[in-house]
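The numbering of the sequence shown is the working numbering, which starts it at 432 and goes up by one.
Just so you know, not all the hints are guaranteed correct.
Unchecked claim - Label pairs and their computed distance ranges (CB to CB):
#	residue 1	residue 2	range
1	R456	R573	46 to 54 Å
2	A616	A532	28 to 36 Å
3	T446	G612	35 to 43 Å
4	S448	R581	36 to 44 Å
Because the hints were derived from the structure by calculation, they are not lab data.
Here the structure is a predicted model, which means the values were calculated and not measured.
Ideal Cβ positions, reconstructed from N, Cα and C, are used throughout, including at glycine.
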Amino acid sequence: SPAQGRGAAAPDGPTESERAALVARARQGDTEAFGLLYDHYAELVFRYALYRLGGDPMAAEDIVSETFLRALRTIGAFRWQGRDIGAWFVTIARNLLIDQARSARHRFEIPTADILAAADERATALVVPGPEESILAGLTRRELLDAVRRLRPDQQECVALRFIEGLSVRETALAMGRNEGAVRALQLRAIRALARSLPTAGPA
432 SPAQGRGAAA
442 PDGPTESERA
452 ALVARARQGD
462 TEAFGLLYDH
472 YAELVFRYAL
482 YRLGGDPMAA
492 EDIVSETFLR
502 ALRTIGAFRW
512 QGRDIGAWFV
522 TIARNLLIDQ
532 ARSARHRFEI
542 PTADILAAAD
552 ERATALVVPG
562 PEESILAGLT
572 RRELLDAVRR
582 LRPDQQECVA
592 LRFIEGLSVR
602 ETALAMGRNE
612 GAVRALQLRA
622 IRALARSLPT
632 AGPA
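Take the sequences, apply the hints, and build the full model.
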């Protein structure tokens, strides 16, 4: 299940042309091709749902199942336009979450502070992928979470998806509905804002 494989986000997945071929086959009713799309994107949908649900893995698993069931029913109507089909899966998940929130009569947008608190309770390891983010590497979870809470909402979401949920830039772009360049720029602004807000290290 996606929850069991949470540490591995399948970086070596199909290329864009391979994804297009899988989509074409899946649209013709090829369940094996659809299964390969599931294998590649279930983790992304799970992490997106986990973030939006404040860290409830069982509820996130339910959203993954419903997302791909709905996708299987409707993929025949999907039109490949060069856009990553992962964005379509995330859109389905987002719509399911909105429908779920409406039926439960509570707000869909969980306050980011609550999401970060839930992440803190899960004690998920921080994911710090590269030298650009090295400023975050020496922080405790508490220091990072406290600093993230002071960022703008879009910066909070970017940092939470990238460094708490461990999504790649491409996956974060799909989850946020932005292009990769916009996510990189947002991430850089967020890291700079974090750097300005961090306490200066003093003598031990």
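A quick look at each hint next to the structure:
| no. | hint | result |
| --- | --- | --- |
| 1 | R456 - R573: 46 to 54 Å | holds (48 Å) |
| 2 | A616 - A532: 28 to 36 Å | holds (30 Å) |
| 3 | T446 - G612: 35 to 43 Å | violated (20 Å) |
| 4 | S448 - R581: 36 to 44 Å | holds (43 Å) |
In terms of the numbered hints stated before, the structure departs from hint 3 and from no other.
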